[in-house]
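4 protein chains.
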Amino acid sequence: MASVYGGRLKVQIFGQSHSTAIGAVIDGLPAGIKIDMDKLRAFLKRRAPGQSEISTPRKEVDEPEFLSGLIDDNTTCGAPLSLLIKNTNIRSGDYEELRDIPRPGHADYTAFVKYGEFHDIAGGGHFSGRLTAPLCAAGGICVQILRDMGVTVTSRILQIGSVTDPDLFREEILKAKEEGDSVGGVVECTVTGLPAGIGEPMFDGIENCISKAIFGIPAIKGIEFGSGFAGATLRGSENNDSFECENGVIKIKTNNSGGILGGITNGMPIVFRVAVKPTPSIDIEQQSVSLSRIENTTLQIKGRHDPCIVPRVTVCVEAAAAIAVYDGMMQSTISF
Amino acid sequence: MASVYGGRLKVQIFGQSHSTAIGAVIDGLPAGIKIDMDKLRAFLKRRAPGQSEISTPRKEVDEPEFLSGLIDDNTTCGAPLSLLIKNTNIRSGDYEELRDIPRPGHADYTAFVKYGEFHDIAGGGHFSGRLTAPLCAAGGICVQILRDMGVTVTSRILQIGSVTDPDLFREEILKAKEEGDSVGGVVECTVTGLPAGIGEPMFDGIENCISKAIFGIPAIKGIEFGSGFAGATLRGSENNDSFECENGVIKIKTNNSGGILGGITNGMPIVFRVAVKPTPSIDIEQQSVSLSRIENTTLQIKGRHDPCIVPRVTVCVEAAAAIAVYDGMMQSTISF
Amino acid sequence: MASVYGGRLKVQIFGQSHSTAIGAVIDGLPAGIKIDMDKLRAFLKRRAPGQSEISTPRKEVDEPEFLSGLIDDNTTCGAPLSLLIKNTNIRSGDYEELRDIPRPGHADYTAFVKYGEFHDIAGGGHFSGRLTAPLCAAGGICVQILRDMGVTVTSRILQIGSVTDPDLFREEILKAKEEGDSVGGVVECTVTGLPAGIGEPMFDGIENCISKAIFGIPAIKGIEFGSGFAGATLRGSENNDSFECENGVIKIKTNNSGGILGGITNGMPIVFRVAVKPTPSIDIEQQSVSLSRIENTTLQIKGRHDPCIVPRVTVCVEAAAAIAVYDGMMQSTISF
Amino acid sequence: MASVYGGRLKVQIFGQSHSTAIGAVIDGLPAGIKIDMDKLRAFLKRRAPGQSEISTPRKEVDEPEFLSGLIDDNTTCGAPLSLLIKNTNIRSGDYEELRDIPRPGHADYTAFVKYGEFHDIAGGGHFSGRLTAPLCAAGGICVQILRDMGVTVTSRILQIGSVTDPDLFREEILKAKEEGDSVGGVVECTVTGLPAGIGEPMFDGIENCISKAIFGIPAIKGIEFGSGFAGATLRGSENNDSFECENGVIKIKTNNSGGILGGITNGMPIVFRVAVKPTPSIDIEQQSVSLSRIENTTLQIKGRHDPCIVPRVTVCVEAAAAIAVYDGMMQSTISF
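Residue numbers (our numbering), protein chains in the order written: chain X, 737 to 1072; chain G, 737 to 1072; chain U, 737 to 1072; chain S, 737 to 1072.
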């Protein structure tokens, strides 16, 4: 097992950065769901690079082609939905140097240990950020389904590097770019409109499921729900969310729990934040080793790099969250 | 699905706080592993309450009884290993008030929404921290197996509330206790001795798997690997871990990745930190609601509470990590 | 993985023939289901040996003790339900001979290859027919849940050896017993009252799921649905089940499909038959080998054996079918 | 879940009879396996229709295109392997009549109940026998891997209708064809070269796993291992397979167990037989109903049909068996 997520909804991601195509199979979608292709394209466009000077100038046209699972009018038929996104820029570069000299912060070395000489090193292979395109396609469909049920998934950038003022984000990214360096950040995701009672106890709680999906996005190194790490510094009397009645409805006054208690939604918005590490690909010369000669060497990564992927990661976080939450909803409902 | 963890190794946790017994079934352990019962008892004792003035005075004797899976001499036989821990203190209290007035920060309300009147409210039911006892029993066995393979799982408290000086931890807990309040903290867990190459790409990476297991522990609200949230503030040139050769061996100079790149171990120690929320049970009167009368009320939780569970959580974190890592090792090895 | 069945409903069986206890954990049951313990006991009694001269005279009192998952009044609370059945007759015999000389037709040899010297040989260990007791306890609960939904699971013996006249079954078994031999048979199971539309396409069809559960019963070596192997000899025009309308309701005239088309129920009763091999334990001296000395030897199995387990298998078949069908129902229902 | 098979090896099948493409994703294959494309094509050709007068004259070119998972030279790289087979003959016919008038013996009716108006009725949708093409592609790869490990998967037709003489099979099929009817049969599959010790006890035994995969093939209605249903008529002394030593090697004299004891391979060939029902599509007019008008009607299926799919099913059975056996091998090996 590896690139399959899910309980009742199964999302299988496939592809390498330079394979013929990348794609996804989504098994378990109910029949009769109409996909709004324009909205899906708009969702995917948020992930695409080359849209401004603060991301890599490489242009990717990520148009998903649906192979199965739909009938006319883009409506699901109950059969597994499969889609592919063609890779237009295949094996053009020379990646043999990377096979020998692993890039710090990338999966080159660990993939070499795991798969040996057979690892598809080109563009990072299956470990490439490019694989988030089919993740976003699958997640974008879940976002639409959730929206039809009144559940909204949104995200925003909280931090770029150490900067927390949104007006200064662009400047911070450009500064890193000028230095030939990169910068990370923090993204917050919110899921509103979920009923209370979704999620299973212990290992299939909503926190477990979202985390399992979210760490499928390369560069994510941390996740916290509600008050999270800051909550660990509070007293119980400060961190507990009180209940109150308002016009005959039970409400929760604060949301330090991030909408989840005992792994189960409490009706408040799910709120979580993820730490995005700075892109490992930088212009600056780095110290590495030659795996064949077992000796020290330096590495200068060619081409132009994304100085900050945080803006593009937001949509991936929404996609992963939508998949996890929708699957959680499907698992939680028991009619029999 | 709910309280089952695992891929090749399956760990099923069962029980409620006041049921006849709680326990675990571990399916998939190889035959021929000798369990050191004294070490297992010592491991479980670290979780037990009532050991000092900074934890709840309730005494629990958490002696696991093995029902199956062992032959003489406490050696696994390949059949599912099952164990139970008797609950000695069953349904003694009056929990009907809690059924009507949910405790802030607990799963009372979400369990009520999910299971209705049938939820076993006594002591928190299946959501009780008591369920970490069988988790620790299962994890303690994995810790032993890993140790025999040269893999060590340890943890330490980094923070109690806002205090980071270990000499002051006890004081901070006692202060919270005097206030009738509780305090959270941060635990760091380290897994050393793991070979590089363990873990699967994308959704079955080591980060995904550890997170899925760790959020099975009540009160955990965040997790970060390596430099984590702090790493998000760094430049790529600072956060990337360089490779170097030393005496013909490839080494990694720093460990901002927390031992994991692309979901796969790189041979450095796995390092992660978890945020533990302050125990929701406090002496201080709290605002809540009556679910039956739909009106505001106050709640004063009776009995004596654990002002800080962080010291007891350390062993649970090790247990969950050991289960995830050992399962990851079993999944990663492909001989055919 | 091994002794865990299920998708949404997980049934974990544990225990060995001579371990302290055998049992089951059922994870995923909805809250609020009241178990009728008398009916469950009556169900389990059908499996128990020692009830007549045609089964083994060993008396087993298979009283399940529930450890968790129930609140007062034997009603499920949503937490994993766990139960154990104590083994009263533990490790009394001398099984070391069997460790060296595998019994033909038993799992002694394959378990030896798989688990080596650590295999719990006593009474067949985890491979013993005794493990069908917790299977029947878990299945008996599913039978009750199904019955409350109008779904009935029944079975009958079609054949003992080559005898198809029920009046002669007893005679055939006694004949085998007198010869110191054993005899097999065929059991037919019928599930009525199921709505059409249950089951998933391809690998999670009802046939796939029932088979996966049924082959968990030792001694089952074949399964066929509807007209099965006999249907393979028919023309399509004979084997196809025609539709017809009767009083405004769509009916299916015949049931050669066994109630399943494309893996999905069609509203007709599910009908399947299983082949039960003759019990491998017989009084007659058999040829075997010494695994330690690698030489031919003979084996005479001591004690008194069940000349025919077919009557006791019927309830196991119902139990396995009920688990598979109920899990299929839970998986099929999609409200979102 | 639905069209996903597997434990460590995951095979996801997608597509409908008239969708843009059908295909498979295989997740979990080790890196470094070279696929012989000529052999794979030859394997797939055995399934293709239109090869003689005894199968449907429709020509299908089932050339699999690999999208991912391979590096140059058709060698696996460890990433999920994905392949598609284009459907050349899309939505050409008028299938609206079938939506209203379900074909007896097909999944038209059950799919209608399950998916409603959204079911892709064209050509049978996801329930079409055409979906065995990607199954064969996935299974054909497993066949090659197994062969490299010395494991051979073969099959043969035992019976066409009631005819057991291979010289008369063709005649029997032509006779059914002349009558505008169809005929079923029995296929036997043999897996040789497997070591003893493969398979897990109870629900993940080899019989369970093969059955779960095999019933994914439309038209299969029964399966039996070793002596199977015939074994149920034997005495234990006849059905038990004796052990013997020959030149210092332990052998098993007969193979009534079909190579499996307790769910685990015993080193003898795995032998099983499957019942293939007669193709439901026949020229003869059949009785059915109009689902919209709820009234009786007759149905004459247009076009030319396969009078007997048994010859084409053989390769599907081998494919499904290879997937199950190889996955079982991957699950059984425990190095840690």
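Misleading hints may appear alongside valid ones.
[Said to hold, decoys possible] Okay, derived cross-link-like pairs now, SDA-like style, lysine to any residue, Cα gap no bigger than 20 Å in a straight line:
no.	chain 1	residue 1	chain 2	residue 2
1	X	Lys989	G	Thr1034
2	U	Lys770	G	Asp884
3	G	Lys775	G	Asp884
[As the list claims (entries may be wrong)] Coverage of chain G stretches by chain X, computed from C-beta distances (three or more under 8 Å per stretch; other residues unrestricted):
no.	segment
4	844-853
5	860-870
Since the hints were derived computationally from the structure, they do not count as laboratory data. Cβ atoms here follow ideal geometry from the backbone N, Cα and C, with glycine treated the same way.
Checked against the structure, which of the hints given earlier come out wrong?
Per hint list: single violation, 2.
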